[in-house]
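As numbered in the working numbering, residues 1 to 387 make up the sequence shown, in order.
Note that these hints are calculated values from the structure, not bench results.
The list that follows gives simulated cross-link-like pairs (lysine-lysine, DSSO-like), each with its CA atoms no further than 27 Å apart:
#	residue 1	residue 2
1	Lys-202	Lys-140
2	Lys-268	Lys-26
3	Lys-140	Lys-200
4	Lys-140	Lys-190
5	Lys-190	Lys-200
6	Lys-46	Lys-190
7	Lys-46	Lys-203
8	Lys-26	Lys-365
9	Lys-202	Lys-46
10	Lys-46	Lys-26
11	Lys-181	Lys-109
12	Lys-293	Lys-268
13	Lys-46	Lys-200
14	Lys-190	Lys-202
15	Lys-387	Lys-181
Ranges of calculated distance between the beta carbons of each label pair, as one might list FRET restraints:
#	residue 1	residue 2	range
16	Ala-382	Asp-24	36 to 46 Å
17	Arg-142	Ser-105	20 to 30 Å
18	Asp-289	Tyr-349	13 to 23 Å
19	Ala-137	Pro-222	22 to 32 Å
20	Ala-137	Gly-347	38 to 48 Å
21	Glu-36	Met-292	31 to 41 Å
22	Glu-269	Glu-166	39 to 49 Å
23	Ala-50	Asp-217	33 to 43 Å
24	Ala-50	His-12	15 to 25 Å
Cβ coordinates follow ideal geometry from the N, Cα and C atoms, glycine included.
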Amino acid sequence: MSFPLYAPAEEHEMLREAVRALADEKIAPRAAEADEAEEFPWEVYKDLVAADFHAVHVPEEYGGSGADALATVIVIEEVARACASSSLIPAVNKLGTVPLLLSASEELKQRYLPPVARGDAMFSYALSEPEAGSDAASMKTRAVRDGDHYVLNGTKMWITNAGVSEYYTVMAVTDPDAGAKGISAFVVEKNDEGVSFGPKEKKLGIKASPTRQVRLDNVRIPADRMIGAPGTGFRTALATLDHTRITIAAQALGIAQGALDHAIRYVKERKQFGRPIADFQGLQFMLADMAMKLEAARQLTYAAAAKSELAMHGTPVKDLTFFSSAAKTAASDAAMEITTDAVQLFGGYGYTRDFPVERMMRDAKITQIYEGTNQIQRMVMARQLLK
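Using the sequences and the hints given, assemble the complete structure.
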């Protein structure tokens, strides 16, 4: 009996080789400098656009390459192996646009997806607020109907690539008495009057990707910029995260793979007691555990990506929520452990900026926090099991 092997297709492996070649040549050499300068890597963005790796998930009918969810994971993973900040370009372009792909009118998709596919615009996602983090439904940002417009007021917090993105998916309360069912989603443009950005957050990691508040002060937008029907915004937000948590897992895999690759090279070259430290069984066991955790997380992430792809095309996938939470949690926890061990394997050198593993350890931490903390993910998984 013949059946497809449980493995990515040949096209996926060819894609990986292409992204890795670009990342090794153009992205890795700029990663340390981008981290030090805390500046968005525009040159890397141009290189990703030139290779069409900046938003591979956009469907062909909107000018994109129509890559499947696994291909998107592989792109993010391979960019993150070189530079976690740069991997947020394809990841956040997906995060900002999935609400449109899931819920928007055809007109809205035709207006906002082609510029992203062309590389003319990036698309960020604005859900969190200063007082609404894990409890996202308690948001205060308001959108009030005024004729054929809505007027938005509020402050969004922790917005990745804020200020460099042209477009923002913004969740706001349209019916304050309806709780989570009173939240709607909108497209806000950077140049809309009343949109401004807070100062760049001073962060532990992902320093080359700006994280800023998005401030909305009487921002008046046409009503046709609502994504989906009124009151469906929170449902869209949660459905989006079912797909995009998998891209955070991909980022974590890439960071961990980068750290493991550097650690393996280093222990083969570093000599103590007259031989390479790779000869010592204590360190061999560390490497074995690092590679084992990484591969387990990768397989879970790829299985989740396959489910995401089915769900995006309308097939009901009962366990997508569980799988995406599990992949994100497993991969980010693994990345934190693997990068910490990589620093340890480098000894004192690992603690310096002369080597990239300390940056990878700093970058890994955020993957346990954003798009839902790993504690929230465990609640989500438990609810799925018990419902």
